[in-house]
Amino acid sequence: MDLSVINPVLFIAGFLVAATPLIFAAIGELVVEKAGVLNLGVEGMMIMGAICGFATAVETGSPLLGFAMAAVGGASLSLLFAFLTQITLANQVASGLALTLFGLGISALLGQSYVGVKPPRLGDINFGPLADIPVIGPILFTHDIILYLGIALVAGVWAVLKYTRAGLILRAVGESHDAAHALGFKVVRIRTLAILFGGACAGLGGAYISLIRVPQWTEGMTAGIGWIALALVVFASWKPWRALLGAYLFGGITQLQLNLQGAGVAIPVEYLAMSPYIITIVVLVILSADKSAAPASLGRTFHASH
Amino acid sequence: MIRLEKRPEPSRAFSLATPLLAVLATMFFGGLLFVALGKDPITSIITIFWEPLFGEFAFYYRPQLLIKGAPLVLIAIGLSLGFKAGIWNIGAEGQYIMGALFGAAAGLAFYPTESVLIFPFMVLAGAFGGWLWAMIPAFLKVRFGTNEILVSLMLVYVAEQFLASMSLGLLKNPEGFGFPGSRNLQQYASAHNAELIAGTGMHWGVVAALIAVIFAYVLLARHRLGFAIRVTGEAPRAARFSGVNPTRLVLFCMGMSGLLAGLAGLFEVAGPAGQVTIDFNVGYGFTAIIVAFLGRLHPIGILLAGGLMALTYIGGDIAQSNLGLPAAAIQVFQGMLLFFLLALDLLTNYRLRFGRAEVA
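Top to bottom, those sequences are chains V and R.
Numbering-wise (this note's numbering), the first sequence opens with residue 1 and increments by one.
Numbering-wise (this note's numbering), the second sequence opens with residue 307 and increments by one.
A hint or two may mislead.
Pairwise CB distance ranges, derived in the manner of DEER restraints [to be verified]:
| # | chain 1 | residue 1 | chain 2 | residue 2 | range |
| --- | --- | --- | --- | --- | --- |
| 1 | V | 79 | R | 549 | 37 to 45 angstroms |
| 2 | V | 214 | R | 482 | 28 to 36 angstroms |
| 3 | R | 552 | V | 62 | 50 to 58 angstroms |
| 4 | V | 300 | R | 348 | 40 to 48 angstroms |
| 5 | V | 133 | R | 626 | 52 to 60 angstroms |
| 6 | R | 419 | V | 220 | 36 to 44 angstroms |
| 7 | V | 8 | R | 588 | 54 to 62 angstroms |
| 8 | V | 126 | R | 633 | 41 to 49 angstroms |
| 9 | V | 214 | R | 502 | 41 to 49 angstroms |
| 10 | V | 166 | R | 309 | 22 to 30 angstroms |
| 11 | R | 368 | V | 151 | 55 to 63 angstroms |
| 12 | R | 502 | V | 220 | 57 to 65 angstroms |
| 13 | V | 116 | R | 365 | 34 to 42 angstroms |
| 14 | R | 308 | V | 183 | 20 to 28 angstroms |
Take a look, some chain V residues computed to stay more than 12 angstroms from chain R by CB distance [what the hints assert, rightly or not]:
| # | residue |
| --- | --- |
| 15 | 59 |
| 16 | 64 |
| 17 | 83 |
| 18 | 103 |
| 19 | 105 |
| 20 | 138 |
| 21 | 223 |
| 22 | 239 |
| 23 | 242 |
| 24 | 287 |
Read the hints as simulated data drawn from the structure, not as lab findings.
If you're wondering where the values come from, they're calculated on a predicted model, not measured in any experiment.
Don't be surprised by glycine CBs; every beta carbon is placed ideally from N, CA and C.
Full structure from sequences and hints, please.
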């Protein structure tokens with residue numbers, strides 16, 4: 001075992017990359033849950049985004065266009081969920097599971113001819129001399145635009161939820177859909193928009209895995225990251241900045257685990273690979289005592305009977 | 307303008323009709339999918355639903371129906387108990403793996419001793435493995451209020467890694483020339499879950515699935531615990547007033563579903579699969595979720611749904627080799643079925659009213 005092969009600067013730069021898919025998926029789901037909807041289909045929407053983004057990037061040669069299509073792909077899958085839960089009033093847990101199963105299937109179908117293909121690379125933003133600053137430069141200024149977009153998205157969601165009327169309405173719908181309805185807000189429409197936003201974010205997160213983090217396409221490549229994102233929302237007590245923090249924590253664990261595999265630690269690879277999932281469980285247990293932060297209408301079906 | 311009006315009682319007629327309508331809708335839209343893939347839709351549908359039962363090689367495919375259906379029914383029965391009560395164990399895939407590992411390990415520990423006691427011991431070990439794995443989310447839920455959906459799902463990934471580690475390490479066949487995977491249990495008479503009647507596909511797993519169906523039916527219709535499950539799902543507050551202990555209910559439903567999933571894993575590894583390998587699991591634990599809903603969480607319904615889902619697996623295989631239909635198309639097909647089912651369920655609980663809404 002040789003731990004000195006782990007370069008701390010590269011490690012930190014690496015975990016920022018590992019955390020980005022989680023940031024996108026978690027912040028999207030956070031908005032959905034703030035509106036009172038529990039969408040368990042994050043994994044399905046991510047993998048959908050992963051293949052839509054990958055295929056578009058390969059066909060057009062433009063990674064950015066790929067990301068745009070990934071958002072569209074994730075959002076269109078989430079539209080199915082919105083239809084099931086908002087129009088036909090289906091159970092949200094079952095619909096979310098259906099979305100994940102369906103997404104895994106359809107992405108495998110779409111991705112058949114893309115196995116083993118190399119996608120075009122999205123270059124890092126050129127920060128000029130900033131990137132040459134020792135330590136800080138490589139950590140903060142050698143990334144692609146999507147990574148920064150993720151952080152900006154967290155800030156945006158935080159500001160909208162906290163300071164705007166739209167954010168207030170969204171939270172009202174999530175806390176008490178009956179009260180919001182009585183005040184004249186269109187509960188179904190607001191929730192549908194939130195679901196679409198969540199789908200688009202999950203799609204972006206998925207594409208970040210297939211286009212930047214890995215980068216290639218394999219069936220089921222999201223490997224539970226969507227589910228970890230769901231756990232992160234609980235971890236974050238539905239607060240955007242804590243979701244970011246949580247994503248970095250998990251990104252760090254994932255990266256550390258991969259680095260330890262590379263360094264040839266005496267722990268078998270399989271046990272290292274299960275560590276992020278076990279740690280997710282441990283964190284969930286520690287934080288599950290406090291449920292007060294959850295939106296009060298979370299997971300409940302809304303039907304305006306009058 | 308279409309309005310929804312909640313029915314005072316769920317409609318019995320629609321409750322029976324929606325699964326059939328969902329299957330028809332899936333056939334139609336699945337057909338469109340096959341057209342999009344450049345296949346003849348009618349031939350595809352016939353290949354999937356007719357060939358395995360009545361085609362030229364049906365004598366070969368019919369036993370497969372039992373082999374593929376048994377684990378699905380076994381797992382779905384367990385899941386349905388929890389789903390009915392609003393307890394969501396979606397980690398059956400992990401419990402299935404752990405059941406297989408515990409059961410196979412219990413058998414292999416005695417290799418090459420022959421005894422009639424070995425197989426029953428493996429069955430117990432398999433059931434225990436699945437139960438144990440499901441007890442983790444159950445215990446965390448009752449003790450700390452942790453969300454059982456996320457924990458049980460996370461444990462699937464942990465179980466998959468554990469399976470990889472076991473088939474490369476502890477359970478690896480010492481005479482396997484370094485290939486990953488355990489000894490083949492089909493070649494170890496005492497541990498082999500052989501067909502009870504040769505050529506029928508009937509093995510102990512099928513027997514267990516049938517017993518589970520009857521057991522669940524009696525439990526739900528006649529037993530106090532079944533009442534507790536139903537009332538908790540329909541009205542949790544009323545359940546508490548009627549003296550239902552939610553802690554015991556979570557432990558029972560999770561434990562039972564884990565136990566049955568573990569059994570399914572054991573019967574599969576000791577029978578049709580034969581050995582523990584890295585990719586021994588094929589997603590029965592997830593497909594069983596569809597089976598449970600398609601069967602409307604009712605034991606008899608699940609039996610029929612398990613048969614239908616097994617049919618799509620086998621028909622999908624035939625369509626893959628005969629028509630070149632991609633394997634993933636069947637996965638999409640199964641996912642679609644669940645969608646239509648959930649959407650059409652609306653008709654069971656609500657009445658559609660056409661015409662303008664009156665001003666209240």
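Quick rundown of the hints versus the structure:
Restraint check, residue 79 of chain V to residue 549 of chain R: a C-beta distance of roughly 44 angstroms satisfies the suggested window 37 to 45 angstroms. Separation of residue 214 of chain V from residue 482 of chain R is about 32 angstroms and conforms to the stated range, judged on CB atoms against 28 to 36 angstroms. The supplied range of 50 to 58 angstroms is met by residue 552 of chain R and residue 62 of chain V, whose beta-carbon atoms lie about 54 angstroms from each other. For residue 300 of chain V paired with residue 348 of chain R, a C-beta distance near 43 angstroms keeps the hint of 40 to 48 angstroms intact.
A hinted range of 52 to 60 angstroms for the beta carbons of residue 133 of chain V and residue 626 of chain R is consistent with their spacing of about 56 angstroms. Separated by about 40 angstroms at the C-beta atoms, residue 419 of chain R and residue 220 of chain V satisfy the suggested range of 36 to 44 angstroms. A beta carbon spacing of about 42 angstroms between residue 8 of chain V and residue 588 of chain R contradicts the range 54 to 62 angstroms that was offered as a hint. Evaluation of the 41 to 49 angstroms hint for residue 126 of chain V and residue 633 of chain R yields a pass: the beta carbon distance comes to about 44 angstroms.
For the hinted restraint 41 to 49 angstroms between residue 214 of chain V and residue 502 of chain R, the CB-CB distance of approximately 47 angstroms keeps it satisfied. Checked against the hint of 22 to 30 angstroms, the C-beta distance between residue 166 of chain V and residue 309 of chain R comes to roughly 28 angstroms, which is consistent with it. Under the hint 55 to 63 angstroms, the C-beta atoms of residue 368 of chain R and residue 151 of chain V, about 58 angstroms apart, fit the expected range. The beta-carbon spacing between residue 502 of chain R and residue 220 of chain V, approximately 36 angstroms, falls outside the hinted interval of 57 to 65 angstroms.
About 39 angstroms separates the C-beta atoms of residue 116 of chain V and residue 365 of chain R, a value consistent with the hinted range of 34 to 42 angstroms. Distance hint check: the CB atoms of residue 308 of chain R and residue 183 of chain V are about 25 angstroms apart, consistent with the given range 20 to 28 angstroms. Look at residue 59 of chain V: its CB is around 18 angstroms from the nearest CB on chain R, clear of 12 angstroms, so calling it non-interface holds up. The beta carbon of residue 64 of chain V sits about 28 angstroms from the closest Cβ of chain R, which is more than 12 angstroms, so the claim that it is off the interface holds.
Listed as outside the interface, residue 83 of chain V is inconsistent with that label: its C-beta sits roughly 7 angstroms from the nearest C-beta of chain R, within the 12 angstroms cut-off. The beta carbon of residue 103 of chain V is not kept farther than 12 angstroms from every beta carbon of chain R, the shortest such distance being approximately 8 angstroms. Distance check on residue 105 of chain V: its Cβ comes as close as 3 angstroms (rounded) to a Cβ of chain R, failing to clear the 12 angstroms threshold; non-interface status is violated. Annotated as non-interface, residue 138 of chain V keeps its C-beta farther than 12 angstroms from every C-beta of chain R; the closest such distance is 32 angstroms.
Taking the minimum C-beta to C-beta distance to chain R, about 7 angstroms, the non-interface status of residue 223 of chain V is violated against the 12 angstroms cut. With 12 angstroms as the threshold on Cβ separation, the claim that residue 239 of chain V sits away from chain R holds: the shortest Cβ distance comes to roughly 18 angstroms. Every beta carbon of chain R lies more than 12 angstroms from that of residue 242 of chain V, the smallest distance being close to 17 angstroms; the non-interface claim holds. A cut-off of 12 angstroms between C-beta atoms contradicts the statement that residue 287 of chain V is not in contact with chain R; the least separation is 9 angstroms.
When held up to the earlier numbered hints, the structure conflicts with 7, 12, 17, 18, 19, 21, 24 and fits the remainder.
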